[in-house]
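K.L.:
These protein sequence lines map, in sequence, to chains A and B.
Mind the numbering: the first sequence is residues 1 to 207 in the working numbering, read in order.
Mind the numbering: the second sequence is residues 1001 to 1272 in the working numbering, read in order.
Heads up, a few of these hints could be off.
Below are the BS3-like pairs computed for lysine-lysine, each with C-alpha atoms no more than 30 Å apart in a straight line [claimed, not checked]:
no., chain 1, residue 1, chain 2, residue 2
1, A, LYS102, B, LYS1195
2, A, LYS203, A, LYS3
3, B, LYS1089, B, LYS1231
4, A, LYS203, A, LYS178
5, B, LYS1231, A, LYS14
6, A, LYS105, A, LYS178
Computed footprint of chain B on chain A, listed as stretches where at least three residues anywhere in the stretch have a Cβ under 8 Å from a Cβ of chain B [to be verified]:
no., region
7, 48-55
8, 64-78
9, 96-110
Honestly, the hints are just simulated from the structure, not real lab data.
Beta carbons are placed, not taken as given, at the ideal position from N, Cα and C, and that holds for glycine.
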Amino acid sequence: MLKISKVSLSYGSKQVLHDVSFHLQRGELGCVLGESGCGKTTLLRAVMGFEECSGGSIEVDGIVLSAMTVDSLRQRIAYLPQELSLPSPTIWDMVSIPFSFKANKGVELTEELLQREWSRLGLDIHLINRPSNSVSVGQRQRIMLSVCCLLGKPLIIIDEPTSALDNDTTLLVANYLKSVARERDAAILAVTHSHTLAEVCDKTLHL
Amino acid sequence: MEQTLDISIIGLLIGLALMGIPLYFFRKYKTGLVQSTIIATVRMIIQLVLIGLYLKYLFAYDLWYVNLLWGVIMCAVATFTCVGRTHIKRSILLVPVTVGFFTTALLISIYFLALVLRLHESMNINLSLNLLFSARYFIPIFGLLLGNMLGVNVLALTTYYEGIQRERQMYDYMLGNGATRWEATAPFLSAAIRKAFIPCIANMMVMGIVALPGTMIGQILGGSDPNIAIKYQMMIVVITFVASIISLMTTVALANRRSFDRFGRLIEVFGR
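The shape of chain A in the complex, shown without the other chains:
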């Protein structure tokens, strides 16, 4: 599903990624582990087409990432940046945003579907009508994670999904991601500092 082959990336004279390779099949949960500033987020951004590689190639579902293919590739991906904050009045408004895009028109979003996901993530469905700025960072991370999973894309890319969570909740989220990958036949790639999450993953890329 995701094939990163010998990817290199530089900012001016500073090389951030050098010959990085990683493969992920459908149904697998993978993670990128490494020190702060080693290029983990840059690698995810490169997969999304937000950073241009100076060498190597990235393939999603057999399609090589390029300026010509980036739009169609992004339609196959659900993406969650780190500590995302959306200026929506309520949680429901925040959750609904990607479902309003033409590319996701056929994808269903109901309170029942959310409740099913949220119960697995230890969230109360009553949060749905709360102002979006009234939930904690950890709750927001899990809420947005559930959105990514509900979009039904074959590839899910997540940046630091557990950075604001305690160890028990991190384990809960890690097991949730693993079961989502299996149940929905999706490939999930997460950047993390958490060894708890890394231990649950099928594959780990050390940077």
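Fit chain B to the supplied structure of chain A, relying on the hints for placement.
P.N.:
What follows is chain B alone, placed relative to chain A:
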């Protein structure tokens, strides 16, 4: 109709003397605005005197192509002023703003003069280029539209680009979840429209009660019937409001093509 009262040179000097009051406060509170206020006042006087002389000839000859050429010059000045105030690169905004300003001001002016004012019917003559681009009607309307479009575009374009730059994660999130470029920029355009138009709407709300608009006062002082002045004012508000949004949407649609790279990333837009 009464003759418009002229203002004597002494009267003008007495009027200009009022500028001493803001200058006093600007100096007292060390605002750093004294020099720029004096320069702006002197520039205003020189520009208006020169324009007055120019308009005198423009009105005397009243040739449609000369009037249209004057419109082009006004548009060029408005475009450079707009681009300069936004601090966005000329390579991105110059053509979009020129096209947005000129086509909108031209179309709305023609709409107003031919369909609202119905110049040809009022004067019992056929609609012609000479009538549509007559100095007396075309130049004031065209200038009025440009002036309003300028303010709205500067505020909206700055808000739009600053928003995308500041909220890059939100933009990436939308793009990364399948949004088209229009869908991903829509919230930022919405915020820009709100910021630029809320003052216009608030102004419209209190018009005639708290604020007596310039066009209406000018007409009444010039001896017009207040009822006619009110009708003009109403239409002026409508056409400036409409022209502002049309020019903004045109500018953004054209500028978007130059503001993002092939991967949909916002390029460095601020600078010279």
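K.L.:
Does each hint fit the structure? Answer for all of them.
P.N.:
Each hint, compared with the structure:
1. A/LYS102 - B/LYS1195: holds, 27 Å
2. A/LYS203 - A/LYS3: Within the cut-off at roughly 13 Å; holds.
3. B/LYS1089 - B/LYS1231: violated, 40 Å
4. A/LYS203 - A/LYS178: holds, 11 Å
5. B/LYS1231 - A/LYS14: With Cα atoms ~65 Å apart, B/LYS1231 and A/LYS14 exceed 30 Å; violated.
6. A/LYS105 - A/LYS178: Judged against 30 Å, a Cα distance of about 26 Å means the pair holds.
7. 48-55: With 4 residues in contact (Cβ-Cβ under 8 Å with chain B), the coverage given for the region 48-55 of chain A holds.
8. 64-78: With 7 residues closer than 8 Å to chain B, the region 64-78 of chain A meets the three-residue bar; holds.
9. 96-110: It holds: at least three residues are needed, and the region 96-110 of chain A offers 7 whose Cβ sits within less than 8 Å of chain B.
Checked against the numbered hints given earlier, the structure breaks hints 3, 5 and satisfies all the rest.
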